[in-house]
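Participant: Residue numbers (the working numbering), protein chains in the order written: chain A, 1 to 165; chain B, 1 to 505.
Wrong hints could be hidden among the right ones.
Claimed, not checked - 30 angstroms max Cα-Cα, derived BS3-like pairs, lysine-lysine:
(1) Lys13/A with Lys467/B
(2) Lys107/B with Lys118/B
(3) Lys18/B with Lys107/B
(4) Lys13/A with Lys459/B
(5) Lys117/B with Lys274/B
(6) Lys106/A with Lys90/A
(7) Lys23/B with Lys199/B
(8) Lys14/A with Lys459/B
(9) Lys11/B with Lys13/A
(10) Lys210/B with Lys23/B
(11) Lys206/B with Lys274/B
(12) Lys117/B with Lys107/B
(13) Lys57/A with Lys108/A
(14) Lys14/A with Lys467/B
(15) Lys122/B with Lys274/B
(16) Lys206/B with Lys273/B
(17) Lys59/B with Lys423/B
(18) Lys59/B with Lys57/A
(19) Lys467/B with Lys372/B
(20) Lys106/B with Lys199/B
(21) Lys90/A with Lys59/B
(22) Lys11/B with Lys14/A
(23) Lys274/B with Lys118/B
(24) Lys199/B with Lys272/B
(25) Lys423/B with Lys90/A
(26) Lys366/B with Lys459/B
(27) Lys199/B with Lys11/B
It is worth saying that the hints were derived from the structure and are not from the lab.
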Amino acid sequence: MGRRRTKRLNNFKKRLLATILVLALATVLIKLSVATAQVLEPKVRYFEVHARQWAYKPSVIEVDQGDIVVINLFTDDVSHGIYIEGYDVKADLILGEGMPSNVTVKFKADRPGVFTFRCTVTCGPFHPFMTGKLIVRPATPLNASMGSAVISAIVAMAILYIWRW
Amino acid sequence: MAQKARYPGYKYRFDLLKIPIIKRIVKSRSFQFAVIFPNFVVFIILMVSAFIGSPVGNKNLAVLVVWILWWAALMIVLTPLGGRLWCMMCPMPAIGEWLQRRTFTKKKREKGYGLAKKWPRKLDNIWLQNFSFLTVSTFIGVLTTRPWATGIMLVLLVLVLPTIFHMVFEKRVWCRYICPVSGFIGLYSMVAPIELRVKDRGVCLKHIGKECIRGSPAGYGCPWFEFPQNLNRNAYCGLCMECVKTCPLDNIALNIRLGGNDLYVEPWHGIKKKGLDEPFKAFIMSTLAVIYALVFAGPDPWFKDVANIFGGETFSRIFVDNVLQESFHPERLATFAAIVWGSTLVVMPVAFLIFVVAAKALSGWKDSPPLKKMFINYSYMLVPLSLTAWIAFALYILLINGSYIIAVISDPLNFGWNLFGTKDLPWTPIGTSVIPYIQAAIIIFGLIWTVNTIKNISKAMFESRSKAIRSAIPIVVFAIIYAILVLNVWLGVFDVRGLLGGLIG
Ligand code: SF4
Ligand code: SF4
Ligand SMILES: [Cu+2]
Numbered sequence: 001m002g003r004r005r006t007k008r009l010n011n012f013k014k015r016l017l018a019t020i021l022v023l024a025l026a027t028v029l030i031k032l033s034v035a036t037a038q039v040l041e042p043k044v045r046y047f048e049v050h051a052r053q054w055a056y057k058p059s060v061i062e063v064d065q066g067d068i069v070v071i072n073l074f075t076d077d078v079s080h081g082i083y084i085e086g087y088d089v090k091a092d093l094i095l096g097e098g099m100p101s102n103v104t105v106k107f108k109a110d111r112p113g114v115f116t117f118r119c120t121v122t123c124g125p126f127h128p129f130m131t132g133k134l135i136v137r138p139a140t141p142l143n144a145s146m147g148s149a150v151i152s153a154i155v156a157m158a159i160l161y162i163w164r165w
Numbered sequence: 001m002a003q004k005a006r007y008p009g010y011k012y013r014f015d016l017l018k019i020p021i022i023k024r025i026v027k028s029r030s031f032q033f034a035v036i037f038p039n040f041v042v043f044i045i046l047m048v049s050a051f052i053g054s055p056v057g058n059k060n061l062a063v064l065v066v067w068i069l070w071w072a073a074l075m076i077v078l079t080p081l082g083g084r085l086w087c088m089m090c091p092m093p094a095i096g097e098w099l100q101r102r103t104f105t106k107k108k109r110e111k112g113y114g115l116a117k118k119w120p121r122k123l124d125n126i127w128l129q130n131f132s133f134l135t136v137s138t139f140i141g142v143l144t145t146r147p148w149a150t151g152i153m154l155v156l157l158v159l160v161l162p163t164i165f166h167m168v169f170e171k172r173v174w175c176r177y178i179c180p181v182s183g184f185i186g187l188y189s190m191v192a193p194i195e196l197r198v199k200d201r202g203v204c205l206k207h208i209g210k211e212c213i214r215g216s217p218a219g220y221g222c223p224w225f226e227f228p229q230n231l232n233r234n235a236y237c238g239l240c241m242e243c244v245k246t247c248p249l250d251n252i253a254l255n256i257r258l259g260g261n262d263l264y265v266e267p268w269h270g271i272k273k274k275g276l277d278e279p280f281k282a283f284i285m286s287t288l289a290v291i292y293a294l295v296f297a298g299p300d301p302w303f304k305d306v307a308n309i310f311g312g313e314t315f316s317r318i319f320v321d322n323v324l325q326e327s328f329h330p331e332r333l334a335t336f337a338a339i340v341w342g343s344t345l346v347v348m349p350v351a352f353l354i355f356v357v358a359a360k361a362l363s364g365w366k367d368s369p370p371l372k373k374m375f376i377n378y379s380y381m382l383v384p385l386s387l388t389a390w391i392a393f394a395l396y397i398l399l400i401n402g403s404y405i406i407a408v409i410s411d412p413l414n415f416g417w418n419l420f421g422t423k424d425l426p427w428t429p430i431g432t433s434v435i436p437y438i439q440a441a442i443i444i445f446g447l448i449w450t451v452n453t454i455k456n457i458s459k460a461m462f463e464s465r466s467k468a469i470r471s472a473i474p475i476v477v478f479a480i481i482y483a484i485l486v487l488n489v490w491l492g493v494f495d496v497r498g499l500l501g502g503l504i505g
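Only chain A is shown next, with the shape it has when bound in the complex:
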């Protein structure tokens, strides 16, 4: 019993060491890829988005990391708005006498990823579910795929631990 236990412990140490090595290697590779990443020329990207009950058109917006994004929001029916999760930018488009017929949000897309944007003005029953997606393509694709490699490595290591290979 005791011998088996120390053997298992040794195995555990070996695997731990292997994991640390893999992670360290991955980190080095990532740092390298960051160093070699090309910097894209930032562009101004303009979008005309139309809101209706309870959707945006277009409902998916794609830009590159570093772009200056300008979203001009119009409405086809009642008051709506736009709030971009993760970027925390917001504009309300309230219909009414003396109110503007459209509103604009402008921000620099400096964080890569997929971000939900949603309506900010209670515009009907489905208002809380009026959403769209902003996709910000990373400027460092190699770097980005290294990220998923690390996730996969962690999961793979966990699977190996669990099955005590």
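Take the given structure of chain A and dock chain B with the ligands to it, following the hints.
Facilitator: Below, chain B with the ligands without anything else, positioned relative to chain A:
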């Protein structure tokens, strides 16, 4: 001993009833009434506010509490940590049980109200719960956005339906066989770090009185049709604490635990074998975790349009006359019903079956357990997998829309009150820049937990280690595909990469 080696079982267990104050409390006849009654009052208030409160869903107490707070509480806290703790304090069966017993707290000798019919044997499974849950799911778009719909649902689920079932049948037939939330609470309760079990099964087997099922002057026989000596899973014990009161040999334990083997134990010899009802509950839950994410947070307007079976231009009148007149779209209802029922009862099970066939083939078709048994046993790996998908969902909804609740509690009935001074709190989503990271972490944790569960299920089915591993491979692949799908729905494909790029770069 052999049994022990094959079921990894517990890492730690402690009987809470060893603490005298806890034992005193749960042994008290007023205990369950004391936890149910406040909840009952809350649900009555919710019903009232559903009908007289704001007709706007995201400003109505009932809609917000039921679909954001209650749902999040069940999925994130109550069930994963407390098992059927909700059922201990649930108001749905309250009226019926009070009538059945003709008392709020006492144990009476004389018969209560109701016909006390036996439940048909054929229906001794959770298929009706599966269907009741799917029925609610079919109307989810309307229920979560129209207070009147939530109101009708609450009246049916808290006042009308359970009471009818309690008056026709004996005990908690409603809870065990019909309640739409019972199915998933039971499913996920199996991973909870709390359990009610007998201390020593040997004591039960020798004990002739069996007060735990027959009842005694101290309490009622198990209302959930459980026989405590046979409990080896949490699934259908409602934690009502009657058996703690009735057992004359003090043989009931309420353990907190680490580990546990609810997801892969076989029923005791002579007890009904596992059927397909629970696996289908798991298919329903795991599929809807993805579909709801698409409906409530996806970018595709089509899903929202079909889920929203009512609609029309009359909504603007809400601000004028405080009424909501809408047209009903049967074609949307038909489409959404087809999605909900078809994906959960056909698409998902068939996809899973393909992987189980591969699992059986890889482990040697001839000398592996029957296909049906492998299908049933492996399906329990969906429990941790889909639970974490639901936690990711519920957490998102709670953090994004939780501020509506804080605003509405200041004026729950739309009387123009400002009880807590939060009435005019604007909508404030919380933590939007960290939510995706938290979701990713939860889903990846869920995947690893699932792989561990698959290992345990597989080990319990196969003597040979290499066979166990080979048969588990397709199931692990299935789990990985599901996890990627859920990550995708929430974070976008390349966001998994972009996200980490952002994290590290
Ligand atoms: S089964 Fe349903 S009705 Fe019964 S106690 Fe649990 S949640 Fe309530
Ligand atoms: S086993 Fe005991 S605690 Fe569980 S439902 Fe039955 S009587 Fe209640
Ligand atoms: Cu809107």
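Participant: Please go over all the hints and tell whether each is borne out by the structure.
Facilitator: To see whether the hints hold, each was checked on the structure:
1. Lys13/A with Lys467/B: Since the Cα atoms of Lys13/A and Lys467/B sit roughly 27 angstroms apart, the hinted pair holds (cutoff 30 angstroms).
2. Lys107/B with Lys118/B: holds, 21 angstroms
3. Lys18/B with Lys107/B: Holds - the C-alpha atoms of Lys107/B and Lys18/B are around 25 angstroms apart, at most 30 angstroms.
4. Lys13/A with Lys459/B: Status holds; Cα separation ~24 angstroms.
5. Lys117/B with Lys274/B: holds, 25 angstroms
6. Lys106/A with Lys90/A: holds, 9 angstroms
7. Lys23/B with Lys199/B: Answer holds: Lys23/B to Lys199/B is near 15 angstroms, not above 30 angstroms.
8. Lys14/A with Lys459/B: holds, 24 angstroms
9. Lys11/B with Lys13/A: Measuring from Cα to Cα gives roughly 21 angstroms; hence the hint holds.
10. Lys210/B with Lys23/B: Status holds; Cα separation ~21 angstroms.
11. Lys206/B with Lys274/B: Judged against 30 angstroms, a Cα distance of about 26 angstroms means the pair holds.
12. Lys117/B with Lys107/B: Judged against 30 angstroms, a Cα distance of about 20 angstroms means the pair holds.
13. Lys57/A with Lys108/A: holds, 21 angstroms
14. Lys14/A with Lys467/B: Within the cut-off at roughly 25 angstroms; holds.
15. Lys122/B with Lys274/B: Status holds; Cα separation ~14 angstroms.
16. Lys206/B with Lys273/B: Holds - the C-alpha atoms of Lys273/B and Lys206/B are around 24 angstroms apart, at most 30 angstroms.
17. Lys59/B with Lys423/B: Given that 30 angstroms is the threshold and the Cα spacing comes to 10 angstroms, the pair holds.
18. Lys59/B with Lys57/A: Cα-Cα ~26 angstroms, so holds.
19. Lys467/B with Lys372/B: Holds, at roughly 18 angstroms.
20. Lys106/B with Lys199/B: holds, 26 angstroms
21. Lys90/A with Lys59/B: Roughly 20 angstroms between the alpha carbons, so the hint for Lys90/A and Lys59/B holds.
22. Lys11/B with Lys14/A: holds, 24 angstroms
23. Lys274/B with Lys118/B: holds, 22 angstroms
24. Lys199/B with Lys272/B: Answer holds: Lys199/B to Lys272/B is near 22 angstroms, not above 30 angstroms.
25. Lys423/B with Lys90/A: Holds: Lys423/B and Lys90/A sit about 21 angstroms apart, inside 30 angstroms.
26. Lys366/B with Lys459/B: holds, 18 angstroms
27. Lys199/B with Lys11/B: Measuring from Cα to Cα gives roughly 17 angstroms; hence the hint holds.
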